[in-house]
Amino acid sequence: MMAKPESQESNEALEHRRVLYLLGEAVEKLVRLRQVLARQRVFVEAGNEKPEYPSVIDPLSKALEKQSQRLAINSARIASFLRRQPLSEEERVALRGILQSVINVVLGFHEALILLPRETVEPQVFRVLRDCFKEEWKPTPVIMTNALTSYEYRIEDVLVNLDIGQGELEEWTRLLRGFTRGGSILAQAFLDRDNPLAWAVLSHEYGHALDPDKGVSKKIVYGDGEVEKEIADGDPKVKWVSEIFADFVAARVFGPASQVPILLLEMSRPSLMKIRDEAPSHPPTTVRLGLVREYLKELNVGTGGFEEVFEMYNFDYARKVSALEEPERSKRKELGEAVGKFLQSHIAAVAAKVGSLKLCPFGNQQLDHARELQKQLQSDLPVSSLRQTPIDRMLAELNSLVESKADRERVYEVLSGFNEVPATSAEILTAGWLYKLGSFEERLKQTFPEAGSKREADVDEYGKYLARTDELLLRSIELTAVHAEIMRG
Amino acid sequence: MLLSEIDIARRLVDPDEKKRLIITPIVNAREQFGPSSFDVHLSTDFHQLENLNRPYIPLDEKHSAEWEAKYTKKVVLSADSKEGLYLHPGEFVLGSTLEYFRFPDNLAGRIEGRSSWGRLGLLVHATAGFVDPGYAGALTLELSNVGRLPIELKPGLRLAQVCFFEMSTPSLIPYDKKHGAKYFGSPGVRSSLAHADPEMRKILSPEWKPQ
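Order-wise, the sequence lines are chains A and B. With the numbering used here applied, the first sequence corresponds to residues 1211 to 1699, in that order. With the numbering used here applied, the second sequence corresponds to residues 100 to 310, in that order.
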């Protein structure tokens, strides 16, 4: 038998990982949506809302149940895949199809959550944003949306579309700028209400709020003098730069984890959207990812632990591009090259502008802290703080205190080695991502036990893992805020 | 055997991970270590049973997430909130420690109030101040005011202290392995799960008759 060429083997390994990520996303989105509905049912049944709502919750729950059953019926196939047991080509295709269809149903259903009572975001969202943006943070509302991606919009734009009078609009604008950054509102997917790991995306959206009217981006593209002139809001070059500006802001405050939620979401979509405009508003994500990686390198921030997701995204993107028909495929390639070339000539200016902002920067030290915290999370502990003194040194010093009958001050001095330093929100969430990326495969195996096992496949098993991770991270964000407050005295 | 501060400290860095006591976060060791105890801070979340919409706590009540949403008032204070939670005379509320604990299987604990707060009439537990070996989680505080003036509470206050007892032998069924360990791993306040006790289920079953 001939050995497989190296590139084929590597592609097969990448494809296995890609389907693994797809499985993780399918199960996660399914259980999170079920959690949203369970929470809504509690809210409604506790008598806080009108009885009409169960008529929406029930059919949605039933439809989700069908998807859970679909995974359960295919659990033997999934279990074999997870354990790298051989699957025929037909089985592999069937598995991919099942996972994609579960995801598609869940993605579509998220839109229907608009029919349910509107919830508010978790208060920790604001702690995270305040922590990351320091002096640049201005209280900005965060609302929940039935869209699956986070976004930022300006309330003025909504008012303009409402066709209200110019005088009234100016008055509103003045009023709104007083209490939100640039009149901005940030929106977060319902699905991610309790999922702090997804909140990293909000740092990108707040990056847009730091570029009101795209004034920063306009200056970068056209220079100071030109900005006085009327530059159309829809100018594609300005829009591309504004996206990169927001990406760099997110990378500056969150490091490599800032990219992960959007990459995973895009990977879960079945295909690439058709390019409708000659110049779309967002640069291709592969281009953005490439520039962010360069930027992180320039900042000397490592990406270890995240490289696989980045590589996987590029693999998935290439796969989706190759599935396109001509001329769409060439159009996409040309667009990517043109946008990439254009942005390359502006990234130095974007990086300089981001560097001038008074943010809480994420550097290698934060990444090291996050790796330490990841170990705590693995041990099922909150990750709100870090101890500075190693255990063996503390033990030696404590033992010496007893032997030497040390005086009070010396005892206090040694005990002070137990003092922990509060972690930043970005460190906590990066630790969460490192933990999740390193553990989700094993948890999927527990969710889909081997054939012949006494346990049956149960997606709720994965739900417990997600809920526990959420719980510890949310609590840690809370604890670190109190810890810092006590230290401030 | 009641542990001294140095022994508490040594248990925090025990080279054997299974015997190690975990307390996190430790904010200010100088303030928190007492001669034979470790001071703990008040956290941000509070639960209180609603009394406006029901006359008593019936045993046969069906506890569920809906039940909790309906009958438990939950308050979360922000770390830097200007206003605190006002505990009025005679009021009872559940709070929790900021600190998350993990007890090894040969160490038990007791949570007690601090004298300064006791003198104001604040109790930190009603009856359940004991912590089993093997327990992990924040400690729930059963806060009540037996004084005559309302007490303002804020996150970060050093309200209570925990003392530690070395067991004569390690427990063979520590709390983490105990059947029906209801509060294990809770990072914050958890309301009563009395209804989950097996004898409660038996008493509440329609077939049950007193002997």
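Read the hints as simulated data drawn from the structure, not as lab findings. Small disclaimer: the values here were computed from a predicted structure and weren't measured. Don't be surprised by glycine CBs; every beta carbon is placed ideally from N, CA and C. Accuracy of the hints is not assured; some may be wrong.
To be verified - Far from chain B by the CB rule (all over 10 Å, computed), these chain A residues: (1) GLU1378; (2) GLU1476; (3) HIS1492; (4) SER1540; (5) GLU1630; (6) PRO1659; (7) ALA1694.
Stated by the list, open to error - When the alpha-carbon atoms are kept at most 27 Å apart in a straight line, the in silico DSS-like pairs for lysine-lysine are as follows: (8) A/LYS1674 - B/LYS169; (9) A/LYS1568 - A/LYS1585; (10) A/LYS1348 - B/LYS181.
Unchecked claim - Anything over 12 Å on all C-beta distances counts as not near chain A; from chain B, calculated: (11) VAL126; (12) PHE137; (13) HIS146; (14) ALA164; (15) SER177; (16) LYS301.
TODO: Kindly indicate which numbered hints from before are broken by the structure, ordering the numbers from low to high.
DONE: 5, 7, 9, 11, 12, 14 and 15
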